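Protein chains: 2
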Amino acid sequence: MALSAFLATALLAPLSAFAQLTGPLTIKEQGSFFVGGDTKKVSEPAAGLVPAQSGDITVNQMYVQYQIPMRGARHVPVVFIHGCCLSSKTWETTPDGRMGWSEYFVRKDRSVYLVDQVSRARSGFDPTEFNEVRAGTLANAQMPGILEATHQFAWTVFRFGPKFGEAFPDEQFPVQAADELYKQMIPDLNSTLPQNPNPTWTQLAALGVKLHGAILIGHSESGFFPEQAALIDPAGIRGLVTIETGCSTSLTAAQLATLAKIPTLVVFGDHLADVTKPLSWMNAFESCKTFVDQLAKAGGDAEMMHLPELGIKGNSHMLMQDKNSNQIADLLIAWIDHHVETRSKRVH
Amino acid sequence: MALSAFLATALLAPLSAFAQLTGPLTIKEQGSFFVGGDTKKVSEPAAGLVPAQSGDITVNQMYVQYQIPMRGARHVPVVFIHGCCLSSKTWETTPDGRMGWSEYFVRKDRSVYLVDQVSRARSGFDPTEFNEVRAGTLANAQMPGILEATHQFAWTVFRFGPKFGEAFPDEQFPVQAADELYKQMIPDLNSTLPQNPNPTWTQLAALGVKLHGAILIGHSESGFFPEQAALIDPAGIRGLVTIETGCSTSLTAAQLATLAKIPTLVVFGDHLADVTKPLSWMNAFESCKTFVDQLAKAGGDAEMMHLPELGIKGNSHMLMQDKNSNQIADLLIAWIDHHVETRSKRVH
Numbered sequence: 533m534a535l536s537a538f539l540a541t542a543l544l545a546p547l548s549a550f551a552q553l554t555g556p557l558t559i560k561e562q563g564s565f566f567v568g569g570d571t572k573k574v575s576e577p578a579a580g581l582v583p584a585q586s587g588d589i590t591v592n593q594m595y596v597q598y599q600i601p602m603r604g605a606r607h608v609p610v611v612f613i614h615g616c617c618l619s620s621k622t623w624e625t626t627p628d629g630r631m632g633w634s635e636y637f638v639r640k641d642r643s644v645y646l647v648d649q650v651s652r653a654r655s656g657f658d659p660t661e662f663n664e665v666r667a668g669t670l671a672n673a674q675m676p677g678i679l680e681a682t683h684q685f686a687w688t689v690f691r692f693g694p695k696f697g698e699a700f701p702d703e704q705f706p707v708q709a710a711d712e713l714y715k716q717m718i719p720d721l722n723s724t725l726p727q728n729p730n731p732t733w734t735q736l737a738a739l740g741v742k743l744h745g746a747i748l749i750g751h752s753e754s755g756f757f758p759e760q761a762a763l764i765d766p767a768g769i770r771g772l773v774t775i776e777t778g779c780s781t782s783l784t785a786a787q788l789a790t791l792a793k794i795p796t797l798v799v800f801g802d803h804l805a806d807v808t809k810p811l812s813w814m815n816a817f818e819s820c821k822t823f824v825d826q827l828a829k830a831g832g833d834a835e836m837m838h839l840p841e842l843g844i845k846g847n848s849h850m851l852m853q854d855k856n857s858n859q860i861a862d863l864l865i866a867w868i869d870h871h872v873e874t875r876s877k878r879v880h
Numbered sequence: 533m534a535l536s537a538f539l540a541t542a543l544l545a546p547l548s549a550f551a552q553l554t555g556p557l558t559i560k561e562q563g564s565f566f567v568g569g570d571t572k573k574v575s576e577p578a579a580g581l582v583p584a585q586s587g588d589i590t591v592n593q594m595y596v597q598y599q600i601p602m603r604g605a606r607h608v609p610v611v612f613i614h615g616c617c618l619s620s621k622t623w624e625t626t627p628d629g630r631m632g633w634s635e636y637f638v639r640k641d642r643s644v645y646l647v648d649q650v651s652r653a654r655s656g657f658d659p660t661e662f663n664e665v666r667a668g669t670l671a672n673a674q675m676p677g678i679l680e681a682t683h684q685f686a687w688t689v690f691r692f693g694p695k696f697g698e699a700f701p702d703e704q705f706p707v708q709a710a711d712e713l714y715k716q717m718i719p720d721l722n723s724t725l726p727q728n729p730n731p732t733w734t735q736l737a738a739l740g741v742k743l744h745g746a747i748l749i750g751h752s753e754s755g756f757f758p759e760q761a762a763l764i765d766p767a768g769i770r771g772l773v774t775i776e777t778g779c780s781t782s783l784t785a786a787q788l789a790t791l792a793k794i795p796t797l798v799v800f801g802d803h804l805a806d807v808t809k810p811l812s813w814m815n816a817f818e819s820c821k822t823f824v825d826q827l828a829k830a831g832g833d834a835e836m837m838h839l840p841e842l843g844i845k846g847n848s849h850m851l852m853q854d855k856n857s858n859q860i861a862d863l864l865i866a867w868i869d870h871h872v873e874t875r876s877k878r879v880h
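Chains A and B supply the protein sequences, listed in that same order. Using our numbering, the first residue of the first sequence is number 533, and each one after it goes up by one. Using our numbering, the first residue of the second sequence is number 533, and each one after it goes up by one.
Among the clues, some could well be false.
All copies of an identical chain are treated as equivalent in the list; a pair is satisfied when it fits inside any one copy or across any two copies.
[Stated by the list, open to error] In silico DSBU-like cross-links for lysine-lysine, where the CA-CA straight-line distance does not exceed 30 Å: (1) K573 <-> K821; (2) K845 <-> K573; (3) K573 <-> K695; (4) K809 <-> K845; (5) K572 <-> K793; (6) K829 <-> K809; (7) K793 <-> K573; (8) K560 <-> K821.
Please keep in mind that the hints were generated in silico from the structure rather than gathered at the bench. This one's a predicted model, so the numbers in the text were calculated from it and none came from an experiment.
Kindly generate the complete structure, drawing on both the sequences and the hints.
Below, the structure written as structure tokens:
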């Protein structure tokens, strides 16, 4: 599963090539919108600043914020989906104040769409069960649990170092700015959602169709969401990028055949074996290797990008925020250009 | 409390002046960051995708997203704060797909900062009490109520029309796109916050200082937040714009003296007397008239902008999304130029 030779070339690109990435940025168009959304009747909302009111609320909608660069039409749009206990802030200014992938990809002429997962951040969530427990009409045990990641959890599970406050010697995450990452970590209400399909998967598939084709890039909790979206409707999905997550190894032949039509890249950073509790990164890595093998056997264009195997050391789970984040972005862009866009020119 | 003559002139500006507001947009700088944030120990978070973990979380941080235009340094930055059950989406693309105030002000050479209120959207919230109720360590009655605004509530209270589904004949809100507004309406968790001060007030004051001066523009639930922030620390606050809310009429002489040093504008739309349930807009309007009178008596530069009195009819509570939203924005900009910036040139 060696990476294509051109990736090695991309690694050798001179740093001076980044110079064009500073200074003013011209945007062709920007804005925000929602995908999906269902109407739900509520009878017992809480009173407060506004009086209690029965009626309809909207749930399951997905907020999308976008920028289209001047030469955006030359490339397939990219859609970024954040992980657990995070929002689209993941892709913006890094904790240590550098340009995030959202702007970097725009400066590389890509139209960028940031989604807040359904039930997170600007997408809102369905509060009905919480208010029912409060009103005594639902048992406490029925109340959804709200996930929160502690500082201590993030430090080790995001692989900043072997124990809280101690960094790996070659650590790429800007650990001096860890407090700024902790501010991005917000409550995760995915337990309030309908399951299988998670509405985020459904809305991602619809977003791909709306954009007449997009590359979905998921991370961690959402790392396999691109594939889940494609299994719902592959029509608008032109590429699947899965970053740092566990992959399904039990897809049916029909499901693998669907995904095998879409170029797929799986990305992992460093120190996978150096953190084993509370979860095993090696298990996640192995599951994705198996998945990629299955896709390849089904005729797919699928590969693993394990950064240390390319000589890129010290990357954390939050590799889009690591000190070498632009270098990783360039690898993704090179993969997109070769595997998605060259292919598009062949196929269409 | 007549409006200055230049505002009348602004109203007569030809529509062709808007033509420059389409086409590519060049940004000097953009990004996002947090203001504030406290560390809190949690002992019983919920388990789920990530294992349960005791440790520290960050609460009370405020997310800020910004764009600085090429000529941004010529003007005082503006900070927009959304209302109840909404997020910064309020100021972006309108429900019917037009440019929102966030981009419009950038195109008018203003640096724009959008904040998600503390406990809302990308700012996150403190989930501790919910998880404690779920675990049985806190009584249900102690659980914060989660506010949600129904479609029916929004239609009348936001003054789209006299009853749900029926619009006022001269209604300016794009009611055919009301479903898109409903998607913006998300759960309001302000009941989880420490009160007096609400951390959003504190972080707004700090944001003003960080920006070396800013105009705070609040709406509805946050309409009086600019004043509350200035009462905490006026050092970085150069202008107060209060849109469609109730005003405090019981400030002390010392508090009024503090606010009187900062130019203040209070804005209301139309049909205030045409909706009386579940809340009275006339009461809110009258309270702000009293507040503005008190400020003027304390030597302040304060005025009411009641749009129908300027011949601008049919504006809703969501006037930043109304069909004539750019016209209202121009009135605010004209007020800023005359009352904040001319004054700045005199003073500094």
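Cross-check of the supplied hints:
1. In this homomeric assembly, K573 and K821 never come within 30 Å of each other (Cα to Cα): the closest approach is 45 Å inside a single copy and 38 Å across copies.
2. Neither within a single protomer nor between protomers do K845 and K573 lie at most 30 Å apart by alpha-carbon distance, with minima of 52 Å and 33 Å respectively.
3. Within a single copy, K573 and K695 get their C-alpha atoms only as close as 47 Å, which misses the 30 Å cut-off; across copies the closest is 18 Å, which meets it.
4. Proximity of K809 to K845 under the C-alpha cut-off of 30 Å is restricted to the intra-copy arrangement: shortest distance 21 Å within a copy versus 63 Å between copies.
5. Taking the shortest alpha-carbon separations for K572 and K793, neither the intra-copy value of 37 Å nor the inter-copy value of 48 Å comes in at or below 30 Å.
6. Taking the shortest Cα distances, K829 and K809 never come within 30 Å of each other, neither inside one copy (33 Å) nor across copies (65 Å).
7. With identical chains, the CA atoms of K793 and K573 are never at most 30 Å apart, being 40 Å at best within one copy and 48 Å at best between copies.
8. For the identical chains of this complex, K560 and K821 are neighbours neither inside a copy (39 Å) nor across copies (43 Å), given an alpha-carbon limit of 30 Å.
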